[in-house]
Amino acid sequence: MTDKFHDEIAKMREDVLAMGFFAERMLSDAMTALQKNDVSLAEDVKKRKKQLSHLNDTLEEEAYRLIALYQPVARDMREIACALKVISAAERIGRYGKDIASVVISLADTRSKDLAIALSLPHMGNLVISMIDDALQAYATGDLSKIAAHSERDDVVDALRHTIFREGITYMMEDPRTITSCMNYLMIARYLERCADHSCKIAEKVHYMVTGERIEIK
Amino acid sequence: MNDETIIATEKLDLWYGPARALLDITMEIPDRRVTALIGPSGCGKSTLIRCFNRMNDLVPGCRIQGKVTFHGKDIYGNGTDPVGLRRRIGMVFQKPNPFPKSIYENVAYGPRVHGMNDRTRLDSIVEESLRRAALWDEVKDRLSAPALSLSGGQQQRLCIARTLAVGPEVILMDEPCSALDPIATAKIEALIEELKQRYCVIIVTHNMQQAARVSDFTGFMYLGRLVEFGETVQIFESPRDELTENYITGRFG
Numbered sequence: 667m668t669d670k671f672h673d674e675i676a677k678m679r680e681d682v683l684a685m686g687f688f689a690e691r692m693l694s695d696a697m698t699a700l701q702k703n704d705v706s707l708a709e710d711v712k713k714r715k716k717q718l719s720h721l722n723d724t725l726e727e728e729a730y731r732l733i734a735l736y737q738p739v740a741r742d743m744r745e746i747a748c749a750l751k752v753i754s755a756a757e758r759i760g761r762y763g764k765d766i767a768s769v770v771i772s773l774a775d776t777r778s779k780d781l782a783i784a785l786s787l788p789h790m791g792n793l794v795i796s797m798i799d800d801a802l803q804a805y806a807t808g809d810l811s812k813i814a815a816h817s818e819r820d821d822v823v824d825a826l827r828h829t830i831f832r833e834g835i836t837y838m839m840e841d842p843r844t845i846t847s848c849m850n851y852l853m854i855a856r857y858l859e860r861c862a863d864h865s866c867k868i869a870e871k872v873h874y875m876v877t878g879e880r881i882e883i884k
Numbered sequence: 199m200n201d202e203t204i205i206a207t208e209k210l211d212l213w214y215g216p217a218r219a220l221l222d223i224t225m226e227i228p229d230r231r232v233t234a235l236i237g238p239s240g241c242g243k244s245t246l247i248r249c250f251n252r253m254n255d256l257v258p259g260c261r262i263q264g265k266v267t268f269h270g271k272d273i274y275g276n277g278t279d280p281v282g283l284r285r286r287i288g289m290v291f292q293k294p295n296p297f298p299k300s301i302y303e304n305v306a307y308g309p310r311v312h313g314m315n316d317r318t319r320l321d322s323i324v325e326e327s328l329r330r331a332a333l334w335d336e337v338k339d340r341l342s343a344p345a346l347s348l349s350g351g352q353q354q355r356l357c358i359a360r361t362l363a364v365g366p367e368v369i370l371m372d373e374p375c376s377a378l379d380p381i382a383t384a385k386i387e388a389l390i391e392e393l394k395q396r397y398c399v400i401i402v403t404h405n406m407q408q409a410a411r412v413s414d415f416t417g418f419m420y421l422g423r424l425v426e427f428g429e430t431v432q433i434f435e436s437p438r439d440e441l442t443e444n445y446i447t448g449r450f451g
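So the protein lines, in turn, are chains A and B. My numbering applies: residue 667 is where the first sequence begins, and numbers increase by one. My numbering applies: residue 199 is where the second sequence begins, and numbers increase by one.
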């Protein structure tokens with residue numbers, strides 16, 4: 667194993683990180699589009715899906731190439747194992763961003779758009795995006811303090827989804843004309859909750875990468 | 199470690215003249231398991247395994263302090279016969295070193311030296327040893343051919359058969375594959391897997407992937423010290439010592 671290998675590993679971490687932030691950006695732009703009813707931004711997010719898949723494929727190949735050529739062990743092996751998990755979590759997060767963007771586009775002309783805000787989806791979105799951001803920061807620097815509270819933060823997100831679900835039902839019972847949009851917003855709450863779970867997965871793997879110890883967040 | 203310990207060292211130090219080659223080595227080696235010793239050249243791996251069957255006795259100026267026990271008995275204590283010890287703790291070297299005799303005679307040599315002359319018994323010991331060394335099928339029709347006519351990998355398996363012929367309990371292997379091609383290496387590795395059903399195998403290797411593949415326990419040595427000793431999976435997945443980590447990931451020096 668040469669220094670070339672460690673240079674390649676460092677390069678892979680940078681690329682994986684870039685993909686992570688790319689996916690995070692898809693989600694945050696989708697949430698901005700939702701809040702501002704910005705259809706062109708939503709369209710733009712949808713278009714990024716192709717690039718996301720491409721990043722996923724090339725980085726996965728890169729990880730397999732490093733394994734095949736260098737048979738890494740210990741820290742190096744854990745780093746590559748973590749990278750593989752981070753890219754698949756990032757891909758899921760980006761795709762949820764795309765799904766949210768699709769909702770924004772399909773509901774662009776309905777009258778009950780302000781329900782998204784009434785249902786505190788933007789607030790939930792901010793919580794989830796900050797979890798993803800901290801998990802990626804931890805991956806970049808190895809600083810585990812960034813992910814120390816992930817379990818509690820995930821509990822908050824789960825509770826919020828529950829509240830949004832009940833509120834949504836109340837709105838739908840009050841005015842059945844909101845059912846279509848409300849149902850879609852409830853789906854968004856569900857997507858956001860899944861994104862928080864993916865950030866926890868990233869956090870678990872970063873913990874493994876840094877310490878060699880497997881933990882379960884939640 | 200739940201496994202039964204067969205060889206143990208306690209605060210073992212070794213000097214070659216004024217140079218200290220082993221420092222304060224305390225370890226327990228389990229029976230019927232493969233234990234690998236890894237570490238950079240000159241770290242003391244070979245010196246350590248040579249302590250286990252008193253091969254270092256033959257080195258002028260070599261001095262030992264501390265304890266090495268085999269089945270709980272101090273092998274450097276009074277009353278241990280080094281020749282008898284080396285029969286129970288056999289050794290295979292880096293370069294295959296068959297005697298310039300026939301295949302049959304190479305394997306029969308040890309039992310003969312120990313006084314076995316019954317031809318039928320010898321035949322069955324030779325066959326059994328060659329079978330256990332996974333060489334029988336390749337040589338059974340030419341047992342009287344010269345051992346040196348075999349390929350390198352076959353010669354190495356012959357040397358293993360020669361070790362097995364005297365009925366050892368422990369097999370020490372000092373870089374047994376470093377002079378072999380990948381196919382012969384794979385055969386020896388498969389053989390090691392077989393051997394651990396009956397014997398304790400201790401292998402010194404520079405090839406870390408080989409240590410990872412064949413061993414149950416791994417010890418990492420550096421500058422005469424045993425830095426870390428543990429289950430192979432743990433050593434290669436998350437070593438506890440930074441020095442071990444740096445060595446096995448190639449971040450050394």
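Don't read these hints as lab results, they were simulated from the structure. Among these hints, one or two may not hold up.
[What the hints assert, rightly or not] Not the full set, but computed from the structure, chain A residues with beta-carbon under 7 Å of chain B:
no., residue
1, Asn703
2, Ala734
3, Val739
4, Asp742
5, Gly878
6, Arg880
All C-beta atoms, glycine included, are put in the ideal place defined by N, C-alpha and C.
Status of each hint after checking the structure:
1. Asn703: Hint on asparagine 703 of chain A: violated, closest Cβ of chain B at ~50 Å, above 7 Å.
2. Ala734: violated, 13 Å
3. Val739: holds, 4 Å
4. Asp742: Since the shortest Cβ distance to chain B is 5 Å, the answer is holds.
5. Gly878: Glycine 878 of chain A check passes; min Cβ-Cβ to chain B is 2 Å, inside 7 Å.
6. Arg880: At 10 Å from the nearest chain B Cβ, arginine 880 of chain A fails the 7 Å test, so the hint is violated.
When each numbered hint is compared with the structure, violations occur for hints 1, 2 and 6.
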